[in-house]
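Protein chains: 2
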Amino acid sequence: MSTQKLFNVAVVGATGAVGEQILKLLAERNFPIKSLKLLSSARSAGKQIEFKGKDYTIEEAKPESFAGVDIALFSAGGDVSKALIPHAVEYGTVCIDNTNAYRMDEQTPLIVPEVNINKVSEHKGIIANPNCSTIQMVAALKPLYDRYGISRIIVSTYQAVSGAGAKAIDEMLRQSSEHLLGNEVNPDILPTGSLPVKHQIAFNVIPQIDKFADNGFTLEEMKMIRETKKIMDDESLEVTATCVRVPVVYGHSESVYVELKQDFDIDDVKGLLSDSPGLVLVDDPAGQQYPMPLDATGKNDVFVGRIRRDLSNARGLNMWIVSDNLLKGAAWNAVQIAEHIASLK
Amino acid sequence: MSTQKLFNVAVVGATGAVGEQILKLLAERNFPIKSLKLLSSARSAGKQIEFKGKDYTIEEAKPESFAGVDIALFSAGGDVSKALIPHAVEYGTVCIDNTNAYRMDEQTPLIVPEVNINKVSEHKGIIANPNCSTIQMVAALKPLYDRYGISRIIVSTYQAVSGAGAKAIDEMLRQSSEHLLGNEVNPDILPTGSLPVKHQIAFNVIPQIDKFADNGFTLEEMKMIRETKKIMDDESLEVTATCVRVPVVYGHSESVYVELKQDFDIDDVKGLLSDSPGLVLVDDPAGQQYPMPLDATGKNDVFVGRIRRDLSNARGLNMWIVSDNLLKGAAWNAVQIAEHIASLK
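As they're listed, the protein sequences go chains S and W.
Per my numbering: the first sequence = residues 5 to 349.
Per my numbering: the second sequence = residues 5 to 349.
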């Protein structure tokens, strides 16, 4: 029996929606932990969290918190990552960052394990976890990219409110109740907490996620465009995106149109996706089976279906991709990276 | 003062969701009515409906109901249209059909007034009203088609449950209540009443509207593809569609990608759409203003926004189109056609 190496692990943002899922996965996966440090803002410090039957006290995250930490998983917002990760790196901690802070940094690999796990070795202390809507799309497209080549991607998203945090979930459910009772609905958080104008999400859809860039795209759309090219390591890839919030709690859905570089057989495409790790093909029109966010909730996989050839373009392929945005879109992708790091040591 | 010609009008399916809106619009618009006949299935016959302060008794729609009727508006389902319209045509009634029965019939013009009102004159007694999701898209794209040419359309829809009828609205609201109360949700109607498998729509999205064709597209998607080419009178137009039901009561939204045949200036595009009849431009990213189904509910217009150039393709244009599926998507488009017919007599 081999002796497994154990790691000093820190989770930053342990009380958040993603932090909670990271802890659940570390426990479920029996991650090789020597010591566990749960870190957060001063506001949550002192709270107790149970992990594998033992209570841990949350500590305020400070630069010196990372002394002796081997692996830290960050999901406490971009500002926290920017402030603390440089200190953690100095202590020799490998930082897996779930925020936008370092994703487009040239020194930082942006990793979806099914796509480019080989790039992890290039890290200089930081490994970035991509945006939720990007992860599930590139995970589903990578097998097609490798087999046929992809020249263009046109995606429209149907994104769950949990992507905007626990408060947005509460707001959506509260608004739904008020609407059903015939009461006034007062939007408070969505589309984005940091901007002045608020819109009702209950029984509505909002074509804005994150702020707008000057080019008319939202930052969420720009993340999908830029991150996809970086992860696929192909700047020639044409990508355009429209990101939309829908009244769903968990699970992002994506209507994706891809133009392949070669002819394809539609059954080969289905077989390829079905055989790819991390993907589950749910594609039975006769049985009315296709991926849906309610079915994907709580699962680590990326679900693909509605696979069909564009009738007007022989190299065009329509598909529908669904995954739990807090799991493969955040916590599970981060824990997969952590497991890979652990396996290398 | 000219004497206005008055018409004997029949509304078939007067008690349905669309029929109700047709009557509301005929009253609001002060349509030149000599006599009004409200027709429906035997089940609703005998019921009373008020129109402009007068009570009308619903009669069962029969072949002989159309004797003396000048204009009949049908929205009682494709089977009713197929059974009755040939008889109505024999009586000389001009039939405006809101169902799928005659849309692709070569003898029948398929009309969106802002696009092809000139084709009305070709009718042989039947004028077809297109599918809701098609109408709002072609109304928004026609000015671009005329100015720049369009080679390709890729659309993903976010369709309201009212498109599946009043029972689907009830089901969605009931499911939402049950879900919020933590009770079991038993889907009963959606995705489509005539098929065996049912899925929850509350807090979910369902990538199926209508049945599946053998090619993997749903009939709703095929309607968008075929009707768009017929209305635009351009079989070379490349169109692909993904149609998705979302938990919204009224108002279909569409993420539309178009490839134009010529270069364009983005401000010219906005100006053109803004100046086109029936369209309202809502496009102020800085002010977080864009079309949303809640805002479009109860309005006859088609709302367009999120206008931006594809960063990877100089002739690619992203846009977002929203309209009330029961109004411009059905009743209003039909009443516009009826007004045109009336103006010709």
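Worth flagging that the hints you see were computed from the coordinates, not collected in a lab.
Check before you lean on any hint, since a few could be wrong.
Pairs count within a copy or across copies, as identical chains cannot be separated in the list.
[What the hints assert, rightly or not] In silico DSS-like pairs for lysine-lysine, Cα to Cα no more than 30 Å straight-line:
| id | residue 1 | residue 2 |
| --- | --- | --- |
| 1 | K274 | K349 |
| 2 | K202 | K274 |
| 3 | K66 | K171 |
| 4 | K274 | K28 |
| 5 | K58 | K233 |
Each hint tested on the structure:
1. K274 x K349: For K274 and K349, the Cα distance exceeds 30 Å both inside one copy (37 Å) and across copies (57 Å).
2. K202 x K274: Between copies, since 24 Å is at most 30 Å while 41 Å is not.
3. K66 x K171: within (25 Å within a copy, 56 Å between copies)
4. K274 x K28: Neither, since 32 Å and 49 Å both go past 30 Å.
5. K58 x K233: neither (42 Å within a copy, 65 Å between copies)
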